[in-house]
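Letter by letter, the chains look like this.
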Amino acid sequence: MNQPRRIRIANGQGFWGDSVDAPVRLIEEGPLDYLTLDYLAEVTMSILQKQKRRDPARGYATDFVQLIDRVLPALRAKGVKVVANAGGVNPSACRQALIEVAKEHRARGLKIGTVTGDDILGRMEQLIDSGVRFENMDDGRPISEVLDRIVSANVYIDSFAIAEALVQGADIVISGRTTDPGLVLSPLIAEYGWKQDAWSLLAAGTVGGHVVECGAQCTGGNFSRWWEVAGWDNLGYPVLEFEENGEFVVTKHEGTGGLVSVDTVSEQLLYEMGNPKAYLTPDCVVDFTSIRLAGDGKDRVRVSGIRGSEATGTFKVSIAYLEGYKATGQLTVSGPDAVAKAKVCADALWGRLRRAGFTYDKTITELVGLDSCHGPIPGPPPKVHEVVLRVGVKDGDRAKVDRFGKELAPLVTSGPPGITGFAGGRPKATEVLGYWPTLIPKDRIVTRVEVEEVP
Amino acid sequence: MKTLPLYALAHARSGDKGDGSNVGVIAYDLESFAILREMLTPEKVKEHFDGIVFGDVRRFELPNLLALNFLLAESLGGSGSASLKTDAQGKTHGMAMLRMRIEVPDGYEPPSPGTRGALAPGGELGGA
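Sequence order for the protein chains is A and B.
When we follow the numbering used here, the leftmost residue of the first sequence carries the number 1, and every step to the right adds one.
When we follow the numbering used here, the leftmost residue of the second sequence carries the number 1001, and every step to the right adds one.
Please keep in mind that the hints were generated in silico from the structure rather than gathered at the bench.
Certain hints may be false.
To be verified - Okay, derived cross-link-like pairs now, BS3-like style, lysine-lysine, Cα gap no bigger than 25 angstroms in a straight line:
id, chain 1, residue 1, chain 2, residue 2
1, B, 1017, A, 400
2, A, 195, A, 103
3, B, 1046, A, 428
4, B, 1017, A, 277
5, B, 1046, A, 406
6, A, 316, B, 1017
Since we're looking at a predicted model, the values are computed, not measured.
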């Protein structure tokens, strides 16, 4: 018998803006077969659509191209493949930029795959005409309410298209909107040949992806017993050691900081969890109540027992639309009587705006340092020597939101004493994007896989 | 009956879920899980988050992880980028949950802080 073929998959980017060094260290500091990188959040898609409207060569995660420039020699030397949803709303432009970088590295023969078909912004009217309803799946509202304000529309595509690019020999695969766990599941499908109806195996790959999708959140980051975590400056990012039967070990490279334990992995399993018996993905339905965790040595947790069932007939679609404008700003209020003075400032600000004729759809007043996060939850009265007054507004009228931004600075000289910290200019109105979660029948979506070789 | 802070019995993690948040609460042992199953009801959670959660609270059980998962609807002040709150994603709701006080049987001793480290040693909340 051969040894079970183990595939090592790491995630080096939990979101666009995560550590720029983590992926480099994952490649350099230990054994690895696949590196996954997750760049896309819902808000990111809309930002990228806006960039693409201004410049057709943009609309993808530029950080990714810089990263590959930094690590390409090491990737090639160690034979590590990369799966990233860095394509955003323009995977082909991302591939073009990567090819330029690869040429500079003389990486002749490097194969770059792209997976497209998730971006349906340009097809919305056609799809609606053909009978897709795009009803809001949370509240049932019809799409007509927001149709003229849509800024992005992306389908969470399944993992088999990315797997196909890997089967075709791609060293780096760039996709648009996939599910985060799908980045891990797709190389497993490619390596082990898992079939489309192997529900429990697909579920196991999905759970592995879920554990690592937020990077260090399973290796000590965000852990409740934070004082037990050592080596924060050298925190290891997660590595999964998969076996063909769907069992896997969560770990991190030897010598890195952080902590992998049943407790850190349990916490991450519950992150952003809805109904644990029916975790829906485009590939399968996962039952999180089937998962078994067991310690497997220092910084190693074995995950087994995972059951999945048949996927639904629909893909989830994430649509973003322009909902209005907002601005927030802050002032620092020093003591004595910091809280009382901050409240006077807040009343003055809202009162002055009212007198000038400005009211808003939504406002907020927070005292950061007192109750901005946990609100009125009872506890011992804190000793507060200074607080940050944080105020904000949201409204459909951009000019009104900008007017709010002009009312903050005057408080430094026309409020109680000891107010400071007004820096960075007047708060400016920024766009508020609303989300419209909805579904589309799977047969309406055609994904396309292309693999191109660097000349 | 006596009361203990939830952080003596369990640990937690939270994140956003549409215009609400989820909080996963994981008990330190079977005995603590049995207590939480009985005492940590959606109603108690809703009451604890009064002023933060404006929608329903739903609870799901994961006995395999000794865990309860709570969905707190309308707890973010709007979904996506619409929220004006500092914690627009419910990142702090897990820690907020752990501040809740739970009624426990008189004979119950929480898992030892020495072995489980349920409180930060020397921290604000008085860990030994």
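Here's how the hints hold up against the structure:
Using a Cα cut-off of 25 angstroms, the hinted pair residue 1017 (chain B) and residue 400 (chain A) is violated, with the two alpha carbons roughly 30 angstroms apart. Between residue 195 (chain A) and residue 103 (chain A) the alpha-carbon distance is near 36 angstroms, which puts this suggested pair outside the 25 angstroms criterion. Simply put, residue 1046 (chain B) and residue 428 (chain A) have alpha-carbon atoms about 35 angstroms apart, too far for the 25 angstroms limit, and the pair is violated. Between residue 1017 (chain B) and residue 277 (chain A), the direct Cα distance comes to roughly 16 angstroms. Compliance with the 25 angstroms bound is thereby established for this hinted pair.
The suggested pairing of residue 1046 (chain B) with residue 406 (chain A) is violated, with an alpha-carbon distance near 38 angstroms, which exceeds 25 angstroms. Note on residue 316 (chain A) and residue 1017 (chain B): the hinted pairing holds, with a Cα-Cα distance of about 15 angstroms set against a maximum of 25 angstroms.
In summary, the numbered hints that this structure violates are 1, 2, 3, 5.
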